[in-house]
Amino acid sequence: MELLADSLMILARWDVVLALLVGSVGGVLIGAIPGVGPPVAIAILLPATFSMDPIVGLTVLLGIYGSSMYGGAIPAILINTPGTAVNALTTYDGYPMTARGEPRRALSLAYSASFFGGIFSVICLILFAPVLARVAPMFGSREIFLAALLGIILVIVAHRGQTLIAAALAGLGIFIQSVGLEPVKYTQRYTFDQPFLSGGIDLIVVVMGLFALSQAFVLLTTEDEKTRLAKLRGGLFQGLRELGRHPRVATVSASFGVLMGIIPGVGEFTAQFLSYTYARRTSKRPQDFGRGSSEGLIAAETANNAVPAAAMVPLLALGIPGEALTAMMLSVFYVHNVVPGPNLFKNEMDFVVALYISLLILNVLVLAFLLVATKPLVQVVRIPNRFLGVCILTLSFVGVYSLRNSATDCLIAAGFGVFGYILKRLDMPVVPIILGMVLGGIMEVKLRAGMARVKEPLDFIDRPIAFILFVAIILVLAAHFVRIWRERAELKEAEWQITNRSTRFGGLLSRRRSSLLRARGRTVKKRHSTSRPPSTGRD
Amino acid sequence: MTTERERRFVGPRRGQLLFALGFLALSVLLLSQIGRETDWVEKTRLTAQPRFWPAIGLGVMVLAGGLHLWRLPWKRLTRFDRAEARKWLSVLEFALWFMAYVLIVPILGYLPVTMIFVPALAWRMGYRTRFMMILSVLFAVSVVVVFKGFLSVRIPGGMVYEYLPGALRSFAILYL
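Going down the list, the protein sequences come from chains Y and C. Quick note: the working numbering has the first sequence finishing at residue 539, numbered continuously throughout. Quick note: the working numbering has the second sequence finishing at residue 1176, numbered continuously throughout.
Hint data in this document are derived by calculation from the structure and do not stem from the laboratory. A quick note: this is a predicted structure, and the numbers were derived from the prediction, not measured. Keep in mind that the hints are not guaranteed to be accurate.
[Unchecked claim] With beta-carbon atoms standing in for the labels, derived distance ranges: (1) F467(Y) - I1034(C): 52 to 58 angstroms; (2) S406(Y) - G1059(C): 27 to 33 angstroms; (3) S406(Y) - S1170(C): 52 to 58 angstroms; (4) Q194(Y) - S1170(C): 33 to 39 angstroms; (5) L1174(C) - A5(Y): 36 to 42 angstroms; (6) R463(Y) - E1042(C): 27 to 33 angstroms; (7) P195(Y) - L1096(C): 21 to 27 angstroms; (8) G1059(C) - S51(Y): 37 to 43 angstroms; (9) I1034(C) - G506(Y): 55 to 61 angstroms; (10) L1026(C) - T282(Y): 47 to 53 angstroms; (11) T1002(C) - P286(Y): 30 to 36 angstroms; (12) R463(Y) - T1002(C): 51 to 57 angstroms.
Built from N, CA and C at the ideal position, the CB exists for glycine as well.
All chains should be modelled from the sequences, with the hints used to inform the complete structure.
This is the structure in structure tokens:
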């Protein structure tokens, strides 16, 4: 109770309240504009939050992270274009509802499901916090190194069909973070005798380039799309009642969201996939999925909104970000000399609980805002693409230049912007670069510290948690290689079937003719053998 | 005809081979420089060597990049790859717009340059109606007011502000 009171005291400030309002409303707006998304907004706002208190800065960023998915559901349902990448599954059942004249019902259901997912995950984590506080101090350097290694492996293997290039890009991230003056032996690494590289390449500069500038370039080089909005009729409160009719789907989906959010590198997509599959398998009307099923919409929206709060667990408890957005938030901690990790849970539990409570309040604020402001809000999807590109390019300047007032930083960011544009054109993932940079830095420090007390290699995993993490790494790798082997076998079989099948009409006739002739030959042979009298051998 | 291997590939065909070749070439080039660009310190464990993590990063880049190139279903550059490369180069124009903006702000000041940059780029992108021009100027002013005036982000005043009279000069340096 005392802990709760202390946490509420941290939040009882006008600037935190303002940050909550700005974060929630701003997040919804950003999510509702297709082509912006929370990574771009967080990247731009990141340097601006450095001058704020940690709780204020983090509340703004968490607000954007947590509420953007609410906003992202609006264009997904109304114009079949997801506002954020994680709202892609919402289009499956949301847009068909709009097409049959029920946009209000779909929006209301999406808001209600998102709200349930958000609240469920925060409550789970508040209840789970004392356990975390007990477990987190068991993580020493070796355990954190192994957890970071597990995180980077999970990020790579999560990119199905692109594992090799995801690994190569994670390697690029590890390499980029190693550029500059090495902090222990004070030697230069890959600076090519250039003074501007001695300080290393800043994470924010890379993030700005890969997320904000590349997105501006994508928007500036695409054509504007004409959007036709459906008229909204009916009440927005009906969704809460409809959600109440599917408590099982909502609870299981939110649980998947919490679990997948906690595991580094997994995130919203896996949570949504699992909950959608579960909802379809257990539904009485599985044929409605993909055609405007309310259960499908609940599964997708509940799961993705349960992730943000859960994703804060590895960040706060171990200092390990599980995906790009929490990796950006890590820099806010570092700027203020707040080191997330076991000590944060041990010494500043009130700060951690304050963050969770702010997430709880945020969900209530967002729902209230959406219930009254959806009608004017839907107009933001009309902003032309290329004008949006102009706006993002202008805002990117603030994000990069305000860091160190360095034109060189801007040049590096522009270079990464072009690189990010190429990756987006080729449908390649950007996230492994960012996580390679962040987790690579953590692994370097923790491996050096962990190895100091290790005499034999097996000593590295002689503690229970280190051993469990090591086994988990082996299992993930083994499962991945088994999957690759199966996919390879399937591919070979499919290729064999294609090469041994003639699709030409002439070939088909030829095979039919041979088959008929063979059958005829067998019949004639059989008749001859039965009608011919047995030979006596006399003539 | 599209083969099964091509059909199962994640992503478009155009530009893949070009990217894979470029990425591998860069990785090999950087790895070849490891002896010159990093140091090996005597009496230090392998994992604590300054060379260790760049070697890990570059090693993964070369290995995974090489395997990615080897597993690509296309081994020959086509006219679609060349068209894609031209598309990549076309964004350099916007990178130049961005760099010009960056270099002019410290001379003319954040507000004046933003008020020129946003409408000029909007004009270049084909938005030439009076409404869009007014919207561009309003957006430019609001960005400066929010970030420099309200959030106090660190963007230095323009050199031309030095020629303004006393109080106006201080105000311009702090808020514009």
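Hint check results:
no. : hint                                   : in the structure
1   : F467(Y) - I1034(C): 52 to 58 angstroms : violated (33 angstroms)
2   : S406(Y) - G1059(C): 27 to 33 angstroms : holds (31 angstroms)
3   : S406(Y) - S1170(C): 52 to 58 angstroms : violated (25 angstroms)
4   : Q194(Y) - S1170(C): 33 to 39 angstroms : holds (37 angstroms)
5   : L1174(C) - A5(Y): 36 to 42 angstroms   : holds (40 angstroms)
6   : R463(Y) - E1042(C): 27 to 33 angstroms : holds (31 angstroms)
7   : P195(Y) - L1096(C): 21 to 27 angstroms : holds (24 angstroms)
8   : G1059(C) - S51(Y): 37 to 43 angstroms  : holds (40 angstroms)
9   : I1034(C) - G506(Y): 55 to 61 angstroms : holds (60 angstroms)
10  : L1026(C) - T282(Y): 47 to 53 angstroms : holds (49 angstroms)
11  : T1002(C) - P286(Y): 30 to 36 angstroms : holds (32 angstroms)
12  : R463(Y) - T1002(C): 51 to 57 angstroms : holds (52 angstroms)
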